[in-house]
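Protein chains in written order, with the working numbering: chain A, 317 to 463; chain B, 317 to 463; chain C, 12 to 93; chain D, 12 to 93.
To be clear, the hints were calculated from the coordinates, so they are not data collected in a lab. Idealized CB from N, CA, C, for every residue including glycine. A few of these clues could be false.
[What the hints assert, rightly or not] Listed below are several chain B residues computed to face chain D (Cβ distance under 7 Å; list not exhaustive):
hint, residue
1, Val319
2, Arg374
3, Ser433
4, Pro436
5, Trp438
6, Gly446
7, Trp449
8, Val450
[Unchecked claim] For lysine-lysine, the following DSS-like pairs were computed, each having C-alpha atoms within a straight-line distance of at most 27 Å:
hint, chain 1, residue 1, chain 2, residue 2
9, A, Lys418, B, Lys418
10, A, Lys418, B, Lys440
11, B, Lys418, A, Lys440
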Amino acid sequence: MAVRVQSEPFDLGAEANAFAAAQGGGMGAIVTFTGVVRDVAGGLDAMEIEHYPGMTERALEQIEAQARDRWGLGDVLILHRYGRMRADEMIMMVATSSRHRKDAFEAAEFLMDYLKSRAPFWKKEYTAEGAGWVAARDEDEDALNRW
Amino acid sequence: MAVRVQSEPFDLGAEANAFAAAQGGGMGAIVTFTGVVRDVAGGLDAMEIEHYPGMTERALEQIEAQARDRWGLGDVLILHRYGRMRADEMIMMVATSSRHRKDAFEAAEFLMDYLKSRAPFWKKEYTAEGAGWVAARDEDEDALNRW
Amino acid sequence: MIDVLYFAWVRERIGTPRETVETQAATVAELVDELRAREERYQAAFADLSALRVAVDQDLTDFDAPLSGAREVAFFPPMTGG
Amino acid sequence: MIDVLYFAWVRERIGTPRETVETQAATVAELVDELRAREERYQAAFADLSALRVAVDQDLTDFDAPLSGAREVAFFPPMTGG
Numbered sequence: 317m318a319v320r321v322q323s324e325p326f327d328l329g330a331e332a333n334a335f336a337a338a339q340g341g342g343m344g345a346i347v348t349f350t351g352v353v354r355d356v357a358g359g360l361d362a363m364e365i366e367h368y369p370g371m372t373e374r375a376l377e378q379i380e381a382q383a384r385d386r387w388g389l390g391d392v393l394i395l396h397r398y399g400r401m402r403a404d405e406m407i408m409m410v411a412t413s414s415r416h417r418k419d420a421f422e423a424a425e426f427l428m429d430y431l432k433s434r435a436p437f438w439k440k441e442y443t444a445e446g447a448g449w450v451a452a453r454d455e456d457e458d459a460l461n462r463w
Numbered sequence: 317m318a319v320r321v322q323s324e325p326f327d328l329g330a331e332a333n334a335f336a337a338a339q340g341g342g343m344g345a346i347v348t349f350t351g352v353v354r355d356v357a358g359g360l361d362a363m364e365i366e367h368y369p370g371m372t373e374r375a376l377e378q379i380e381a382q383a384r385d386r387w388g389l390g391d392v393l394i395l396h397r398y399g400r401m402r403a404d405e406m407i408m409m410v411a412t413s414s415r416h417r418k419d420a421f422e423a424a425e426f427l428m429d430y431l432k433s434r435a436p437f438w439k440k441e442y443t444a445e446g447a448g449w450v451a452a453r454d455e456d457e458d459a460l461n462r463w
Numbered sequence: 012m013i014d015v016l017y018f019a020w021v022r023e024r025i026g027t028p029r030e031t032v033e034t035q036a037a038t039v040a041e042l043v044d045e046l047r048a049r050e051e052r053y054q055a056a057f058a059d060l061s062a063l064r065v066a067v068d069q070d071l072t073d074f075d076a077p078l079s080g081a082r083e084v085a086f087f088p089p090m091t092g093g
Numbered sequence: 012m013i014d015v016l017y018f019a020w021v022r023e024r025i026g027t028p029r030e031t032v033e034t035q036a037a038t039v040a041e042l043v044d045e046l047r048a049r050e051e052r053y054q055a056a057f058a059d060l061s062a063l064r065v066a067v068d069q070d071l072t073d074f075d076a077p078l079s080g081a082r083e084v085a086f087f088p089p090m091t092g093g
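Pulled out of the complex, with its shape left as it was, chain A reads as follows (with noise of 0.2 Å):
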């Protein structure tokens, strides 16, 4: 298991670099997502992510729990922050690996579809005009029904 929660800054590449140099022989495949910050409107001062602790953790592992079930996978990584953070700034990634890529792509895009729906993390965006939540997209929701 390989779930972080932080407010810190994480650093992409030496996360992808350990996460590669843990792989066992015989992992061939490595798929890595990051979420990035995105200034859609043009302004936005600053992000805040509110999480849920304890729930937030526990559900991040019920979802790596899940994907292990479904797909034969090497190793998983789950890290998403939660706090206040700015345009560009890295939200959160996840790792898998997998002998060939096809389990290693499906188990990360399964990750990341859970994970936006199912785990308690709720964005608030800041720009001059005021604050305001970021709504769920019904896209993210029907994303579910395909696993």
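Could you slot chains B, C and D onto chain A? The hints should help.
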């Protein structure tokens, strides 16, 4: 266009960070795939990758262009090594960025599927028992049909 | 006695992240009815249950879920992580 | 005059990575027939065309492809990159 074909090892972390840093605002999703030399049977002394200089770059650029046509992508990196390498060394990577995760994921899978079966690389394995060319997998050819 | 937690705009409408409630409610829906009866800010927060999600003891569930033995109930909007 | 390139086990069977061939062949298939007629090592390399791939001027194509104007033809097994 970012296609690199080289014999030298590459640093996944440095490449991933450089790719992420080069993204303009609005690219909320970054996907990387990394292929690693697998010692399938145990006892792999080395893997040697032969390629077709000139055609390799051309084929990879065509595959990248197809991916850019089909998905809304910020940026694409395709990096592939040739020559001799050992178990657990990284062979190649792709990276994609997009506004939402679906495009970056699908494009990365598309790039991998086409690269596997349409870019002129051939793997030869050296073990204590001798050397042999890796056979193409039917699944890899079949994977093209989904696009 | 049950701990009730609020997140995101639910927390903002109700004005507190957490409170302890004395209740005999058998289900989440009954607890919501009791809270709505208290004050207008609860009515505002619970106006549209289809816009809300609920977790009992840190597991996502629905508004029909029983509360017997539960120690912690949390209300929040649909999640937007990732 | 056309440059003919061989890769992987095709190269090993034929014993050279590249040669220049004088040919009037109109298609790749005709060129293959001419090469097969030369020596046994060509017969061994081209024994099963379904196990081979061909590129004309660095574009993947098939054995029916015309050779008019082509400068470079390459034969190789299915690719195994990635």
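Taking the hints in turn, this is what the structure says about them:
{"no.": "1", "hint": "Val319", "result": "violated (13 Å)"}
{"no.": "2", "hint": "Arg374", "result": "holds (5 Å)"}
{"no.": "3", "hint": "Ser433", "result": "holds (6 Å)"}
{"no.": "4", "hint": "Pro436", "result": "holds (6 Å)"}
{"no.": "5", "hint": "Trp438", "result": "holds (4 Å)"}
{"no.": "6", "hint": "Gly446", "result": "violated (13 Å)"}
{"no.": "7", "hint": "Trp449", "result": "holds (5 Å)"}
{"no.": "8", "hint": "Val450", "result": "holds (5 Å)"}
{"no.": "9", "hint": "Lys418(A) with Lys418(B)", "result": "holds (16 Å)"}
{"no.": "10", "hint": "Lys418(A) with Lys440(B)", "result": "holds (22 Å)"}
{"no.": "11", "hint": "Lys418(B) with Lys440(A)", "result": "holds (22 Å)"}
Of the numbered hints stated above, those contradicted by the structure are hints 1, 6, listed in ascending order.
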